[in-house]
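K.L.:
Quick note, the sequences are listed as chains L and H, same order. Here the working numbering is used: the first residue of the first sequence is 6, the next is one more, and so on. Here the working numbering is used: the first residue of the second sequence is 23, the next is one more, and so on.
It is worth saying that the hints were derived from the structure and are not from the lab. Here a beta-carbon is modelled for each residue, glycine too, at the ideal position from N, C-alpha and C. Hints are all accurate, no fakes.
The calculated EDC-like cross-link candidates involving lysine to aspartate or glutamate, where the alpha carbons are at most 16 Å apart (straight line), are:
hint, chain 1, residue 1, chain 2, residue 2
1, H, K37, H, D89
2, L, K56, H, D291
3, H, K37, L, E208
4, H, K293, H, E282
5, H, K175, H, E147
6, L, K188, L, E158
7, H, K163, H, E44
8, H, K106, H, E44
9, H, K236, H, E211
10, H, K37, L, D206
11, H, K212, H, E127
12, L, K217, H, D75
13, L, K242, L, E13
14, L, K211, H, D75
15, H, K202, H, D191
16, H, K236, H, E205
17, L, K302, L, E13
18, H, K293, L, E89
19, H, K202, H, E190
20, H, K60, H, D89
21, H, K293, L, D86
Here are some of the chain L residues that sit facing chain H, going by a computed Cβ distance under 8 Å:
hint, residue
22, G31
23, L32
24, S36
25, E39
26, K51
27, I59
28, A62
29, I77
30, P80
31, D86
32, E208
33, I213
34, S276
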Amino acid sequence: MSNRLAVEIAGLRLPNPTMLAAGVQGLSGASLREAIKNGTGAVVTKSMCLKPRIGYANPAVVQVSCGLLNAIGLPNPGARDFAEEIRELKKSGVSVPVIASVFGFSPQEFAETARILAGAGADAVELNVSCPHVKRTGSEIGQSPSLVAGVVERVKKVVDKPVIVKLSPNVSDIVEVAEAGVKAGADAVCAINTVRAMAIDAETAKPILANKIGGLSGPAVKPIGVRCVYEIYEAVKVPVIGCGGVATWRDAVEYILAGATAVQIGTAVASHGLGVFKSVSRGIESYLKKKGFRSVKEIVGSSHRR
Amino acid sequence: MSAHLTAANNMRTLKILSVKNETPTVKTFTFHDVLCAKAKPGQFVMVWIPGVDEVPMTLSAMGLGKDSSITVEKVGVATRALHKMKVGNLIGIRGPFGNSFTPTEGNVMIVGGGTGLTSLAPLAEKIADLDVEITFLLGAKSRGQLLFVDRVKTALSRVNGRVVAVTEDGSYGLKGLVTKPAEQLLAKEKFDMVYTCGPEQMMHRMFLLTERHKTPLQTSLERLMRCAIGLCGTCVLGRFRVCRDGPVFSSQQLREVKEEFGRFKRGFDGKRIPFK
Chain L
6 MSNRLAVEIA GLRLPNPTML AAGVQGLSGA SLREAIKNGT GAVVTKSMCL
56 KPRIGYANPA VVQVSCGLLN AIGLPNPGAR DFAEEIRELK KSGVSVPVIA
106 SVFGFSPQEF AETARILAGA GADAVELNVS CPHVKRTGSE IGQSPSLVAG
156 VVERVKKVVD KPVIVKLSPN VSDIVEVAEA GVKAGADAVC AINTVRAMAI
206 DAETAKPILA NKIGGLSGPA VKPIGVRCVY EIYEAVKVPV IGCGGVATWR
256 DAVEYILAGA TAVQIGTAVA SHGLGVFKSV SRGIESYLKK KGFRSVKEIV
306 GSSHRR
Chain H
23 MSAHLTAANN MRTLKILSVK NETPTVKTFT FHDVLCAKAK PGQFVMVWIP
73 GVDEVPMTLS AMGLGKDSSI TVEKVGVATR ALHKMKVGNL IGIRGPFGNS
123 FTPTEGNVMI VGGGTGLTSL APLAEKIADL DVEITFLLGA KSRGQLLFVD
173 RVKTALSRVN GRVVAVTEDG SYGLKGLVTK PAEQLLAKEK FDMVYTCGPE
223 QMMHRMFLLT ERHKTPLQTS LERLMRCAIG LCGTCVLGRF RVCRDGPVFS
273 SQQLREVKEE FGRFKRGFDG KRIPFK
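Start from the sequences and build out the full structure, keeping to the hints where you can.
P.N.:
Dropping the structure here:
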């Protein structure tokens with residue numbers, strides 16, 4: 006892959022603008038390494054908190070006609086346990102940034118989790134203030150600009166690595182939340198997490214997800230994500246990472262034209278396999294060549310130009 | 023993905039067509055599903071017990087024009103709820119998922135323990151159409167828990183076959199662990215392929231034995247699962263996702279994950295749980 010694809014986010018160097026999204030596979034060092042081997046420009050771990058969580062009962066994932074619904078419930082072995090996976094992964098020599106997704110039930114828990122994982126070698130942390138199906142964290146924080154600012158400030162105090170804040174689309178004004186996060190010190194913004202949604206089985210008249218309500222991802226949410234990135238790009242000066250429904254180079258380019266420096270890919274790992282990272286990268290490269298650009302950076306946000 | 027995986031991943035709510043008691047703790051439930059009918063031995067489905075849970079289950083029967091089935095041991099909340107279900111009750115099915123056993127010709131050994139027989143019985147039925155000799159070793163704790171003895175005998179009646187039953191308490195067939203006669207046979211004869219499914223320690227023992235005797239092995243592994251489509255990471259084994267890259271693994275793949283295989287699995291929180 007040429008350096009035409011290389012991008013930088015808050016000092017992190019990505020060989021290409023594709024990232025493994027949080028929540029997908031990243032429950033072990035070996036599974037992250039496998040994603041890297043398949044051409045990701047960076048990987049984000051599953052979201053970690055201080056204490057282990059088993060998540061919700063099954064069904065935790067159900068397919069709907071326009072995407073995938075999940076309510077997995079943020080299962081994780083706890084930051085201290087997972088720190089070992091990060092250490093092993095980093096020791097094995099990885100070529101792309103490893104970003105730890107963290108959450109907590111208070112700003113202190115966010116900060117302590119971030120400190121442990123950054124200490125274990127994570128190159129950056131991504132704050133999950135946008136999971137739509139776990140109470141007292143996630144989007145319950147992400148719906149309030151002041152709560153988001155509180156979490157970012159607290160984490161910035163204890164971590165000297167880049168801090169990305171991942172935002173929820175389940176708000177009336179995502180720009181307000183992005184601005185609050187950036188003002189509090191966030192080095193980059195990621196948009197979007199999943200959209201609150203549910204599915205009911207007609208035959209049994211029962212909600213399918215054990216948690217009843219979950220988050221929608223996949224093709225259905227892409228236009229929402231693109232709109233959010235477009236609006237945030239106009240309002241903040243830090244890099245924006247696009248997420249939601251990216252499966253092809255065209256999806257990625259759309260996000261980049263809206264203002265994203267990189268894109269995260271999650272659901273398409275199921276629908277297109279791990280080869281999706283390379284195929285998206287190759288497609289972006291062909292697009293750049295065809296249009297006469299020397300770097301992907303030249304087209305970031307170019308749909309805003311009049 | 024295939025478009026195929028997308029189609030398979032749509033949940034179908036289906037009626038239970040029959041329930042058969044296999045042993046005091048194991049029942050077989052049949053249902054009609056076009057996608058499952060096309061499945062291959064070794065593949066699994068996610069079974070939704072509405073309002074209770076969703077669990078991975080190997081298909082114990084499949085075939086064009088036939089009903090498919092799952093064979094379920096009563097071990098936890100989900101399987102207890104399933105055992106209470108009757109003909110006409112509704113279950114949700116996603117799948118079939120995962121890879122399958124690769125059929126081989128020649129001298130074949132099949133080693134099954136407990137409910138591991140659920141994936142091996144349809145395998146034996148399938149390869150019995152090929153040019154094979156089959157030695158099928160079935161293991162269980164005791165006579166009452168032996169699964170599919172008659173089914174396996176019927177399948178093997180079409181070929182040059184041997185059925186060896188082994189119980190830990192000696193109440194039927196040979197006494198002891200099923201890996202013991204397997205070890206003796208491997209020392210005496212050359213096998214072209216060994217297939218195994220059962221408790222992980224048993225499969226791990228078969229791995230060590232087949233490695234020692236330079237015989238290729240295919241194992242069907244079990245891990246906790248959620249999405250079944252390679253996304254959530256619950257079933258990771260080294261670099262593999264058991265739901266997508268497995269559940270059937272070759273000797274070569276098992277060598278890659280020997281730090282994990284037979285040593286630990288992961289809980290729903292991702293923590294390592296050692297095998298005793």
